[in-house]
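Residue numbers (our numbering), protein chains in the order written: chain Z, 64 to 414; chain D, 64 to 414.
Because the hints were derived from the structure by calculation, they are not lab data.
Note that the structure is a prediction, hence the values are computed from the model and not measured.
Hints may be right or wrong, so weigh each one.
Lysine-lysine pairs mimicking DSBU-like chemistry, simulated, CA-CA at most 35 Å apart [claimed, not checked]:
id, chain 1, residue 1, chain 2, residue 2
1, Z, 354, D, 333
2, D, 163, Z, 269
3, Z, 163, Z, 218
4, Z, 218, D, 337
5, Z, 217, Z, 101
6, Z, 297, D, 248
7, Z, 218, Z, 337
8, Z, 333, D, 248
9, D, 255, Z, 297
10, Z, 359, D, 333
11, D, 255, Z, 337
12, D, 218, D, 343
13, Z, 359, Z, 255
14, D, 350, Z, 350
15, Z, 343, D, 218
16, Z, 163, D, 297
17, Z, 350, D, 333
18, Z, 407, Z, 218
19, D, 297, Z, 101
20, Z, 218, D, 333
21, D, 343, Z, 343
22, Z, 217, D, 354
23, Z, 410, Z, 287
24, Z, 359, D, 337
There are 2 protein chains.
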Amino acid sequence: MTRIAIDAMGGDHAPHEIVAGAVWAAQDYGVALELVGKQDRIEQELDRIAQEGIMSDCGTGGRQRRVKIDLSKLDIKVTHASEIIEMGEAPGQAIRKKKKSSIVLAVDAVASGSSDAVVAAGSTGAAMASSLFGLGRLPGIDRPAIAVTLPTMKKPIVVIDGGANSNCTPEMLYQFAIMGQTFSKNVLGIEKPRVGVLNIGEEAGKGNELAQATYKLLEEHQEKIHFVGNIEGKEIFLSVCDVVVCDGFVGNVALKITEGTSSMLFRMLKNEFKTDLAGKIIGLMSKPFMKRIYRKINYEEFGGALLLGVKGITVISHGRSKAYAIKNAVRVAKEAVETGVNEKIAKFYEE
Amino acid sequence: MTRIAIDAMGGDHAPHEIVAGAVWAAQDYGVALELVGKQDRIEQELDRIAQEGIMSDCGTGGRQRRVKIDLSKLDIKVTHASEIIEMGEAPGQAIRKKKKSSIVLAVDAVASGSSDAVVAAGSTGAAMASSLFGLGRLPGIDRPAIAVTLPTMKKPIVVIDGGANSNCTPEMLYQFAIMGQTFSKNVLGIEKPRVGVLNIGEEAGKGNELAQATYKLLEEHQEKIHFVGNIEGKEIFLSVCDVVVCDGFVGNVALKITEGTSSMLFRMLKNEFKTDLAGKIIGLMSKPFMKRIYRKINYEEFGGALLLGVKGITVISHGRSKAYAIKNAVRVAKEAVETGVNEKIAKFYEE
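Model the full structure from these sequences, guided by the hints.
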């Protein structure tokens with residue numbers, strides 16, 4: 064049985080929602096768990112779940128619902144970690160100083176083989192640094208990158224790098240392309256993923272030096288990558304490609320702008336409906352439709368981003384994750400383990 | 064009277080919608096016009112407008128309406144241009160080869176003083192290149208940049224550079240900050256514009272080398288710039304600053320992602336309402352509310368982006384612009400001329 068290590072202490076709603084989401088996933092997806100964190104706090108949460116079940120308003124159109132959990136049927140191991148890395152700490156320093164922190168020990172569990180993957184909703188920097196140092200890099204990969212799955216009008220696309228590397232070379236972006244297409248094919252099930260470079264125009268000569276050089280490099284390796292050229296920001300959601308390659312600075316700005324734009328639009332619409340009585344009534348009637356859209360684009364459905372390029376599976380979740388998001392993050396981790404995405408990336412470089 | 068030169072042949076709907084929008088602005092905002100392009104085509108459009116008025120569905124909640132125009136009261140000059148620069152042409156080459164093109168002659172009109180500003184909806188590259196070569200740079204400015212006005216929950220913000228310069232230095236971004244705050248203050252009327260650097264985290268050490276160095280440079284010049292630190296993509300629409308500084312590659316990606324996200328959300332909502340009869344009815348009732356939001360975020364309301372840093376006013380409009388967008392672009396040009404934004408940028412460097 065696949066076992067997922069969970070940094071139970073990381074994230075805005077830790078450990079309550081993190082433990083709940085992990086246990087929920089264990090029941091729904093048939094995975095074993097290794098919950099890493101303060102033992103007494105975790106056991107307290109488990110006791111509560113055994114008695115009360117899990118409360119969540121996700122995937123229900125907004126209603127709170129109770130999910131009953133039968134802990135006796137689940138394989139849950141608790142690993143005590145006496146320290147916690149806080150959000151503000153410098154990642155590199157923190158992981159060296161706090162060797163008994165929940166994230167470091169959760170990654171250690173994967174490194175030692177006691178678990179198959181780690182899910183972390185705390186400091187992204189700490190999750191990346193501990194994975195890089197604890198698991199090491201895959202052969203052929205200079206820098207691990209974050210693969211973020213985004214909803215579009217049709218099927219989900221992968222944006223890589225979502226924020227691990229702010230300064231990149233064309234060679235790094237070439238490796239991101241390899242990792243992104245391997246993820247798209249094996250985890251998302253897209254047969255022949257189309258890879259595009261995020262740019263400000265379609266033509267080969269467009270964009271900054273990095274984008275231009277990356278275009279050339281990917282074009283030269285068409286036998287290995289199904290390269291479809293430059294992709295503009297407004298096309299991202301039109302399913303014109305399956306993997307969007309960019310440096311981590313541009314990728315992170317792009318992802319956060321997407322988040323900012325949609326949250327602004329929903330708020331504007333809410334305000335607009337409030338202006339008169341008719342609006343209030345129509346707004347109320349529209350609510351279920353809005354909720355369905357919101358659910359389609361909500362990060363909670365995607366659960367987490369994969370840190371690709373390390374020798375192991377690390378899923379990085381949104382700091383705001385509640386149980387439902389963590390449950391989906393565990394699903395992503397399980398799929399990544401079972402489809403052997405890392406083995407396939409490694410194999411790519413052996414051939 | 065302020066006279067605006069219009070590249071009547073540039074844009075997807077030229078010359079029909081371009082001439083219509085310009086004439087509409089002349090009547091509503093009291094500006095004189097210099098319409099530059101194929102004389103017979105422009106006169107044909109003017110004849111039609113004199114007889115039929117202008118048809119537009121903008122700012123009316125979707126209904127087509129007719130705007131009556133009394134040409135006899137307007138000051139309209141037509142300047143013949145025998146050539147047109149097409150969208151695909153390399154800008155630098157094209158402006159050298161096609162000296163009688165509408166965009167080159169429209170910029171010449173500003174350079175010679177016969178007009179005060181130019182509005183162009185054709186090739187952005189050609190508008191930039193002809194402005195740079197035809198008007199020259201303002202003292203203190205190495206590279207002109209595009210200032211794009213974006214709607215937010217509260218007041219509009221300025222993103223600079225919106226796409227003129229893909230490869231930037233910190234010094235260029237410092238100049239963008241100066242130009243952006245001068246525009247925000249003088250054209251948008253924001254008393255003490257708050258300037259932020261677009262970045263992937265709040266802390267000073269975040270982001271790529273360019274963002275880090277720009278942070279330092281702006282921090283050192285706090286007496287000249289009201290610098291409020293790094294701004295993340297998701298905060299852009301929360302009115303935490305008035306001017307967002309970034310390189311033209313990141314800026315252009317950000318703007319297009321905003322466009323792509325909102326158009327995806329509107330389409331998703333439309334599809335969602337289509338799923339059953341109740342949805343269709345609620346969708347129909349929601350339409351006026353959606354339209355109001357759409358209008359608030361629509362580029363047509365903002366009309367055009369200003370190319371700052373050249374000795375003259377160039378307003379660059381969306382290629383898809385119809386009459387209403389061009390009308391607003393002419394308004395932006397008029398405001399830029401009358402508030403003397405260029406003189407104020409130049410003065411900044413004299414002090």
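Verification of the hints:
no. : hint          : result
1   : Z/354 - D/333 : holds (13 Å)
2   : D/163 - Z/269 : holds (26 Å)
3   : Z/163 - Z/218 : violated (41 Å)
4   : Z/218 - D/337 : holds (20 Å)
5   : Z/217 - Z/101 : violated (42 Å)
6   : Z/297 - D/248 : holds (30 Å)
7   : Z/218 - Z/337 : holds (34 Å)
8   : Z/333 - D/248 : holds (30 Å)
9   : D/255 - Z/297 : holds (32 Å)
10  : Z/359 - D/333 : holds (14 Å)
11  : D/255 - Z/337 : holds (32 Å)
12  : D/218 - D/343 : holds (34 Å)
13  : Z/359 - Z/255 : holds (24 Å)
14  : D/350 - Z/350 : holds (14 Å)
15  : Z/343 - D/218 : holds (25 Å)
16  : Z/163 - D/297 : holds (34 Å)
17  : Z/350 - D/333 : holds (14 Å)
18  : Z/407 - Z/218 : holds (22 Å)
19  : D/297 - Z/101 : holds (33 Å)
20  : Z/218 - D/333 : holds (18 Å)
21  : D/343 - Z/343 : holds (18 Å)
22  : Z/217 - D/354 : holds (24 Å)
23  : Z/410 - Z/287 : holds (13 Å)
24  : Z/359 - D/337 : holds (16 Å)
Going down the numbered hints, you'll see the structure goes against 3, 5, while the others check out.
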